[in-house]
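Sequences listed follow chains A and B, in order. To convert a position in the first sequence, counted from 1, into the working numbering, add 1. To convert a position in the second sequence, counted from 1, into the working numbering, add 1.
Treat the hints as calculated values from the structure; they're not laboratory data. Watch out, some of these pointers could steer you wrong.
Claimed, not checked - Result set (BS3-like, lysine-lysine): computed pairs, CA atoms no more than 30 Å apart in a straight line:
#1 A:K354 x B:K229
#2 B:K354 x A:K229
#3 B:K354 x B:K297
#4 A:K297 x A:K354
#5 A:K36 x A:K97
#6 A:K297 x A:K229
#7 A:K97 x B:K36
#8 A:K97 x B:K297
#9 B:K297 x B:K229
#10 B:K97 x B:K36
Listed here are the chains, written in short residue letters.
There are 2 protein chains.
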Amino acid sequence: MQTVEVALTARSYPIYIGEQLLARGDLLARHLPQKRAAVITDTTVAPLYLDVVTRALTAADIAVTPIVLPAGETHKNSETLNAVFDALILNRCERKTALIALGGGVIGDLAGFAAATYLRGVPFIQIPTTLLAQVDSSVGGKTAINHPRGKNMIGAFYQPLAVIADTGSLNTLPAREVSAGLAEVIKYGVIGDVPFFDWLDDNIESLVARDAAPLAYAVRQSCANKAKVVVADEREEHGDRALLNLGHTFGHAIETGLGHGAWLHGEAVAAGMVIAARVSQAMGLLNEVDVTRIIKLLTRAGLPVVAPDFGLARYLELMGIDKKVESGKIRFILLRAIGSAFLTAAVPAHALKTALAASVSHG
Amino acid sequence: MQTVEVALTARSYPIYIGEQLLARGDLLARHLPQKRAAVITDTTVAPLYLDVVTRALTAADIAVTPIVLPAGETHKNSETLNAVFDALILNRCERKTALIALGGGVIGDLAGFAAATYLRGVPFIQIPTTLLAQVDSSVGGKTAINHPRGKNMIGAFYQPLAVIADTGSLNTLPAREVSAGLAEVIKYGVIGDVPFFDWLDDNIESLVARDAAPLAYAVRQSCANKAKVVVADEREEHGDRALLNLGHTFGHAIETGLGHGAWLHGEAVAAGMVIAARVSQAMGLLNEVDVTRIIKLLTRAGLPVVAPDFGLARYLELMGIDKKVESGKIRFILLRAIGSAFLTAAVPAHALKTALAASVSHG
């Protein structure tokens, strides 16, 4: 087991990474302020892992209230959130009763927001069971639900007491979701970690094949990269943290334009990163070699690198309600090179047009 | 104008107290990170004060998006909250667009929770226009909405950038609401400020009559008392802040038992304080003289001192879902004397029974 520490001033917390961690009731118990916990999971993950977690907690003398939600991004909404509140209240969960998110990013985001707002905040622990959740959404304290008019519009910054990433749980993931997780893994290399990008270039096939040792290394390296950024800018106030959104402004537009759930988040981010790279290239900032390396690595990871063709006007409209909008201007994360991302609002329309024309499917 | 500073380590903020402050666009403008703001108010307050605030902001070059909600505690729910989110999104309010709560405690709680969760948190300013909101709910960062099964079950701790308490706005309040506000004012004296309790004993009639100078003094003294407690225990983690809930455990039971809205919050707190005092007396902690002084002062303030008769079992049931429950035990705030409150879970059933029997109406 490896541990990455997220060293936030107000409260630090550990990310445990390794195999067979779901059965480690002691790891969970040491972070619980009360001998009770509500385990929030979904209909996909419950048959796979709810039993092992419940047994581990019970063996550690923790009483468990399971809350099983319908699976999928379409359920990350206020209706499901209210169902969680109803269950918490009916089971008389208290201020010190921890909520444990057992599942992917949707469960982590929703359970985290429930923990942030039930009784004005209760203890929270993440057990991410997808690659995307292990390398991205479970780390950093972002919680949210979707609004019919946009993704993650309603949420809170709320840090967990601990994150437990059992890489063994990735063996039951569909291949498409492994690829989607790799989009965020690759993103860390592209944003600011050239050695990691080079390592991924050498090892991407073994990650797609889920070899245990490289997978644990990729998760550890991704969490360490994310933790560094989160520590520097916990609430996305200084721009540092915004760099993590490379590809996400376009990615969110793709997800919203297609209807949430059509593409996986990581797939949309992959195609979005390609657009961001091409915008950077059209502005004369990024060279062709780097653009090609990014596209090739994403392709080898099994990810889409061609975006849906909504047309420029619709893309701009879809991006207009993005959370990163400031004084009516859209801010973009662009690249000067692999490993060198930056934030800017100064993107000429022609660069957007050229990049989109090169990045969308014409069919 | 007087200023009370809430000296929180993460971020301090001022409470401005005085007359004619609603027209002071400069006071607001100095706290806004953007030349835009959404003013959230209700159908009662909008006709009285929305114009003056909008004009003041416009004169200070701030663009205003007004959001007018239905008035009343019954609307402090997820439906109204969603209406606020819809309006914010439709008007493309951004991360730096401040939400300004203009109204009583319901508007402050709901707008504050909207500010805490819209785009994971946007700037927030309170303009409380009721006495209750000026002396209590606008100070300290508690925000929330109600759930069908309990008051303030869903919420967040979220501090405003500033609080602007215009005592002139109290002149349009119904007398019943002035009295309800005085319940919380008196509470500060009872909890821990004997000189203030004595001052109130000498001046309660001039407060009921809304004399400007004593009113400003009472608001200032109440805010200073509350700020002291909030600074010592921002998130109600150490028990200090829980003392502010004197009378509230019983008060919430009264409000829930009668149906929200039947009694004003301050009225329920007044009757609840009497029960808490009588429990303290039944346990031999508080003497008859102090119990009588509290009851007399509340009565002179125009407040109810007799609670509805639900019976002991129903009271216990109503208190069982209170937020202050810990490991299944109810915690009470009791008194050793006027000015000396403390927190305990060790309350014998006979004391509760005796106190309730003495405090409820038998009709």
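* To do: Determine which of the earlier numbered hints do not hold for this structure and return their numbers in increasing order.
  => 1, 2, 7, 8
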